[in-house]
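One-letter residues, chain by chain:
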Amino acid sequence: MIKLEKVSKSFTNGKSAVHALHDVSLEVEAGQIFGVVGTSGAGKSTLIRCVNRLEVPESGRIWVDGEEISALETSALRKSRQKMGMIFQQFNLLSQRTSAENIAYPLEIAGIAKLERVARVKELLNLVGLEDKADAYPAQLSGGQKQRVGIARAIANHPKVLLSDEATSALDPATTDSILELLVDLNQKLGLTILLITHQMEVVKKVCDHVAILENGYLLESGAILDLISDPHSHLSKAFFPPIQEGLLDPQAIQAAITFLGEAADEPILASMVRNYDVDVNFLGGNIQQIGKRRVGQLQVELKGQQIPEALAFLLEKGLRVEVRE
Amino acid sequence: MNISEWLPRLWQASLTTIYMVGVSTLFTVILGLPLGVLLMLTDERGLAPRPTLNRVLGFVVNLARSLPFIILLVVLIPFTRALVGSSIGPTATIVPLTLAAVPFFARVVESSLREVPRGLIEASQSMGSSHWQTVSKVLIPESLPSLILGVALTLISLVGYSAMAGAVGGGGLGDLAIRYGYQRYETEVMLVTVVLLLVLVQGVQWLGDRLSAKVSKK
Ligand SMILES: Nc1ncnc2c1ncn2[C@@H]1O[C@H](COP(=O)(O)OP(=O)(O)O)[C@@H](O)[C@H]1O
Ligand SMILES: [Mg+2]
Chain A
1 MIKLEKVSKS FTNGKSAVHA LHDVSLEVEA GQIFGVVGTS GAGKSTLIRC
51 VNRLEVPESG RIWVDGEEIS ALETSALRKS RQKMGMIFQQ FNLLSQRTSA
101 ENIAYPLEIA GIAKLERVAR VKELLNLVGL EDKADAYPAQ LSGGQKQRVG
151 IARAIANHPK VLLSDEATSA LDPATTDSIL ELLVDLNQKL GLTILLITHQ
201 MEVVKKVCDH VAILENGYLL ESGAILDLIS DPHSHLSKAF FPPIQEGLLD
251 PQAIQAAITF LGEAADEPIL ASMVRNYDVD VNFLGGNIQQ IGKRRVGQLQ
301 VELKGQQIPE ALAFLLEKGL RVEVRE
Chain B
327 MNISEWLPRL WQASLTTIYM VGVSTLFTVI LGLPLGVLLM LTDERGLAPR
377 PTLNRVLGFV VNLARSLPFI ILLVVLIPFT RALVGSSIGP TATIVPLTLA
427 AVPFFARVVE SSLREVPRGL IEASQSMGSS HWQTVSKVLI PESLPSLILG
477 VALTLISLVG YSAMAGAVGG GGLGDLAIRY GYQRYETEVM LVTVVLLLVL
527 VQGVQWLGDR LSAKVSKK
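Chains A and B are the protein sequences, given in the same order.
Residue numbering for the first sequence follows my numbering, beginning at 1 and increasing consecutively.
Residue numbering for the second sequence follows my numbering, beginning at 327 and increasing consecutively.
Since the hints were made in silico from the structure, they are not lab data.
Take these hints with a grain of salt, some might be off.
[Unchecked claim] Coverage of chain B stretches by chain A, computed from C-beta distances (three or more under 8 Å per stretch; other residues unrestricted): (1) 440-450; (2) 463-469.
[Claimed, not checked] Between beta-carbon pairs, the in silico distance windows are: (3) B:R444 - A:E5: 24 to 34 Å; (4) A:R61 - B:P360: 32 to 42 Å; (5) A:R61 - B:W532: 54 to 64 Å; (6) B:P360 - A:D135: 38 to 48 Å; (7) A:A113 - B:V520: 53 to 63 Å; (8) B:R536 - A:E5: 54 to 64 Å; (9) A:S10 - B:T378: 19 to 29 Å; (10) B:I403 - A:A76: 45 to 55 Å; (11) A:E116 - B:P360: 44 to 54 Å; (12) A:R61 - B:R376: 25 to 35 Å; (13) B:P375 - A:E108: 24 to 34 Å.
Ideal Cβ positions, reconstructed from N, Cα and C, are used throughout, including at glycine.
Chain B extracted, bound-state conformation:
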């Protein structure tokens, strides 16, 4: 295979990866942020202690996190099919990617929120804030720099997961690497794919660091 043949494929695969990872990250934040907030709030020493709920949530999150991604991928096939009408292809891959990342991101959110000094929470309470106000006006803005780093971290894990999902029909760079690099012994394709993944990961990390530093007023 010559360059003119696989360059467009490489381009296509990169776009697919960015699409999968981007959309799953979006859903991960939408689902994982509230879950992380809930984990933090319901903790014994949290704002609204609900020990039983906290233990149940924590258990489910740990369970989901301990499941290897490849197993999650298979286990979720019926669910994915019911949700998006198919179990292969980039859009279908978004479902297991999101579900794998949500518990991870929720823990990242939880630990970021915990870093907010207790004094700030008490100051907020002393001014008569509701829990919702303390979350939206104190906890999240105060931990924003750390949350941004958490999103970057999640994005990076998702790049890795997406490459794995690619191997079982998800599409994207992982798919390309397996099909050409591994199955057809086209080592250059494999190499270029790896380099692209590396660039993607480094780029996300760099952007995350930059953005976090820019947002932080500490």
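Pulled out of the complex, with its shape left as it was, chain A reads as follows:
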């Protein structure tokens, strides 16, 4: 649905140049909630702004829904922007328009007739739970309510793609959760593909199924969250399950990270492994995280004994993910 191919972008501030993006390639499939995380200044906003060409990349190509955004004429670009919604950290609502009028804005731009507009605005206000705030001006709304208006405005023209630039970063944790729930809801109900930029790992954990990590303009890694976290070498896994620093207690032992999903955690798999194979397990640490609707756990263990390969194969067979650390 969204594809970036070797996208680079730099800014010149007087004399010095900032490389905001270096050859970034990534692909977001239809229906995904794809997160891009990174610290402030990593290039996240630049990346998402390249997708609707608010920022023109220096090199590289970008497609959205099969259309090459990077090659469009101005008028065609406007048309395709009408089919991409965007929400912002600072909401960016028009202060002189009511909620209803703000939501009507993209419909006006798309040339929708007045009557149809009124009906659609009403529908959208319902969808985001703001029926009673139709005539309120942004100054009269809370942060969460403003972002709901922002979301309604962004999806007014039935876009396939929603771009979210730190949409919850200005909100308190409870409001953040309710906005994230709304996004997940829209993703499921409308099949909306969401590209979500954030500096908060928590946000990724709560809603994303895929993630990319950006650092100083470089894409460090990207992929399905479950794949990334079960790889103890990945940045994501290190962020979720910080590795135990201790060296090996026993030179003959090996260290491994065993990752299991909620269902597998209920079975006493490790107990049967110890019973059936000649291995000893020494627990170094463990942690369970809620990722989306799933519980994901990771145990860091030290294994010792004669049948380590067999024991590990047993775990794999049971659906656990095992990574041996050198």
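Go by the hints and put chain B with the ligands onto chain A.
Chain B with the ligands alone, transformed into the frame defined by chain A:
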């Protein structure tokens, strides 16, 4: 001269001033608003950067603003005559008044539009607006409270300019003050005229503030 003699003149002069200032303000807005929008749009960091055009416009605007009004008044005489058929009288004065105020108002518009947060412009662009739509649906409505204050400011400068123009045959309150107050030493007339000008200026400012506050939803 007694009251019954100059009161009607005072009334007449006030109406003339209001006419001159009102009509020039109207023309100033009609000409200055697009010019201000153009200055903002063509700026290097604007929506449609045209650095050369921007520099030329900026230069002309600054030039016109640096010219003292009294000189503009004289320089424009042939132009005014060609345009309205005469170079004296209230209607003729509207021409230099407007031309003096347009560059001023254009800068006021430019700075008001600049106050609109960049995020709003980007949100508008992200929804596929054309430049014209961003100007008419975002920039101008969002800066309306500030534009109203700008119009009031322009009106006030024009009251001052019109008094000056009055001195060289434009008519209105300035004319009255000079002719009676200065040339005939009728200090009361001068004083009353000054008070009237003051009331006019204060009234415009008060109205501008009220209207701006009423329009603002921030
Ligand atoms: N318009 C701009 N002009 C100059 N530098 C910019 C501009 N936009 C972003 N940058 C620089 O590019 C880098 C990446 O910025 P950004 O994409 O906003 O990061 P993030 O959203 O991850 O915090 C930063 O170093 C920032 O200073
Ligand atoms: Mg950012």
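- Task: Find the hints from earlier in the document that the structure breaks and name them by number, from lowest to highest.
- Result: Hints 6 and 11 are the ones this structure does not satisfy, whereas the remaining hints hold.
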